[in-house]
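Given the structure of chain V, go ahead and fit chain W onto it with the hints provided.
Sequence order for the protein chains is V and W. Read in order, the letters of the first sequence are residues 0 to 296 in numbering that gives the first Met the number 0. Read in order, the letters of the second sequence are residues 0 to 379 in numbering that gives the first Met the number 0.
Just so you know, these hints were derived from the structure itself, not from any lab. Model, not experiment: these values are computed from the prediction. Treat the hints loosely; a few may be bogus.
As the list claims (entries may be wrong) - Straight line, CA to CA, 20 Å or less: simulated DMTMM-like cross-link-like pairs of lysine to aspartate or glutamate:
1) K201(V) <-> E75(W)
2) K151(W) <-> E180(W)
3) K198(W) <-> D214(W)
4) K23(W) <-> D87(W)
5) K151(W) <-> D187(V)
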Amino acid sequence: MAATLTAGAPARPRKLLASRRTRVGILYALPVVVYLLVLFVYPIFSTLLLSLKDADGSFTLHWYADALTGVNLSVLFTTLRISAETAVLSLVFGFVLAQAITRLKPILAGLAMLVVVVPHFVSALVRTYGWIIMLGDKGLVNESLTSMSVPGAPFQLLYNELGVVIGTTSMMLPYTVLLLYGVMRGVDRRLLAAASSMGAGKVTIFRRIYLPLVAPGLASAGLLSFILSLGYYITPALMGGPNQTMIATLINQQVTKENQWNGAAAQGVILLVLTLAGLLLVKAVTSLGASRKKRSA
Amino acid sequence: MAEFGIAAPSVKVAGVKSATATGKALSVVALRKTYGDVVAVDEASMEIAAGEFVTFLGSSGSGKTTTLMMIAGFCEPDSGTITVGGRDVTRLAPQKRGLGFVFQQYLLFPHMTVAENVAFPLTLRGVPKDEIRRRVGETLEIAGLSGFGGRKPRELSGGQQQRVALCRALVYRPPVILMDEPLGALDKKLRDQLQVEIKTIQQELGLTVIYVTHDQEEALVMSDRIAVMRNGLIEQFDTPRELFERPRTPFVADFLGAANFLPGRIEQHDGEHTLVRLDNSGGLIKARHHDLASGTRVKVAVQPGRLRACAAGDGFCTGTVENATYVGTLVRAGIRIDGGDGPLLRLEVPAGRGPVAGERVGISADPEDVNLFPTDEKAG
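With the rest of the complex left out, here is chain V (with noise of 0.2 Å):
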């Protein structure tokens, strides 16, 4: 207080900077900002430069144009692919086995979601390989198959896109069911009631209520999937085979392999700005449809 009375014309800053709760704020602040410009900020912007320089330290957008022709590019769409699929398929999924659980009692919904939930713990490598154990020629599913002589077994499961989308939709299972069960168990059952006291069948009352309440779970767990299969980078590159190659793992190809960390960089760059386009999507989807209702009643 006693600042703000010597303080002369700068006087807002200052009371700013006076007031207690903002200095006690700025203090708790200051870990969470520290941490976030070392290890966020910093790293990307020196990804964004290097993206940019040439080899004689030149600025130069040639690595994104090497990064948008030719085999590249199509590494790029089988990216946005498979990542698609792999969305729609744990939004399938994820939608039957939520909706299972909010069915079950309490308890056993409990259990159920530490099903779902626990293999998540379990390293991606160790999945991975589990899944190709299963689906290898000598494997659980085909030699279960054959045996049954179901025509054409044994299938080819793995090192094609089947297997990069078998293996990155049941990484994603998780998410997904975590985030659709937490929209429908906050669905008002009742509302449902009141709909088929008013006549409405149970395809219906789905349709026009169910699904619509949770919409904006299903958005943001077709996104969620979507995104986190874009730089997915284990499961596909074991996987699948050379036509299933996706950017994550070119981009440790280049790393690692060729030693070119201004093609990588600006190839982490895309796969960034696909993301926030993805991200920027979704929200404009949603406010549209809401805007959309606004105006036409």
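Positioned in the frame of chain V, the structure of chain W alone reads:
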């Protein structure tokens, strides 16, 4: 309001005949529901005429809500039948019964606007778009909600939300509208206002309403008939006036009229009146004629508002005013009866002529306001 178009039920709900055609909107026969050993509803039977406003009144656990839920189809009865407009709906799913329901918690669809909420039951029935728009507009207007159609439920107050819920339940003209304590979540003033509004709409549109509440005043204000429920049983199903003035059980006399109970014995009948000798004061009170033998032990029930203070020595007993509380239009007094050690006799008289504490007063009552219950009956 005369041109209000939805009075003619143009909505076709499969199998439901127009309720007004049969005169009997709903009947319930020997409805029973148990949860384990607890009998929630015990052999409830009643018939409700089209256009009638019926209230299930009782405290929590009385079975009123369970009965309503069974009529709505949210809860399956163990036995008994429910008939709507001549059609047996006992085992039908809620959506096949064609009834309307207003919930205490409003339960408006949060992702729809007010207009979309009200339109929802109409879209289910395949009503053409412009007719939906017209009927939604008319219904919102009746509830005083014109101009709110574009808003989301969360942008409305509790009272407005409940009005929307009411619109949503009546827009498709169901033969019976069920209401489960619809005003329970609102404050007193709003509740009073909405009671009148709901009653007015019900009368203007000739709606058949079954209403559940634990609030006696609400039931008296709104209902054509009230079913007083206790422990799963319908104690009495009658008009408010009958319930109030001619309660059939001590419970009803207590629950609706907060009656004073005085033990006594029937001394004699003098044609149109029955005379009872009171135990505590030894005084003789005159009741309207009850068909009970002389010598029968009875409980005399008189409501506080039907007692009168008179000169000491007059009336059926005399006592001392122990307390007198001024409550606006009334004075509530507690009288210690001479020779009596029971609870104070409660008296309500218009303010201004009220007794004061310490005063000696006589107590009298019109024989028409005195009810007798034989005491071998279950005590209230």
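Given the proposed pairing of K23(W) with D87(W), does the C-alpha separation stay at or below 20 Å?
This hinted pair holds, its Cα atoms lying about 13 Å apart.
Decide if the proposed pair is consistent with the structure: K151(W) and D187(V), CA atoms, cutoff 20 Å inclusive.
Holds. K151(W) to D187(V) sits at ~17 Å (cutoff 20 Å).
Does K201(V) pair with E75(W) here, judged by a C-alpha cut-off of 20 Å?
Measuring from Cα to Cα gives roughly 18 Å; hence the hint holds.
Is the straight-line distance between the alpha-carbon of K198(W) and that of D214(W) 20 Å or less?
With Cα atoms ~16 Å apart, K198(W) and D214(W) stay inside 20 Å; holds.
Taking 20 Å as the top limit, are the C-alpha atoms of K151(W) and E180(W) close enough?
Violated, at roughly 23 Å.
Violated hint for the displayed structure: number 2, the only one.
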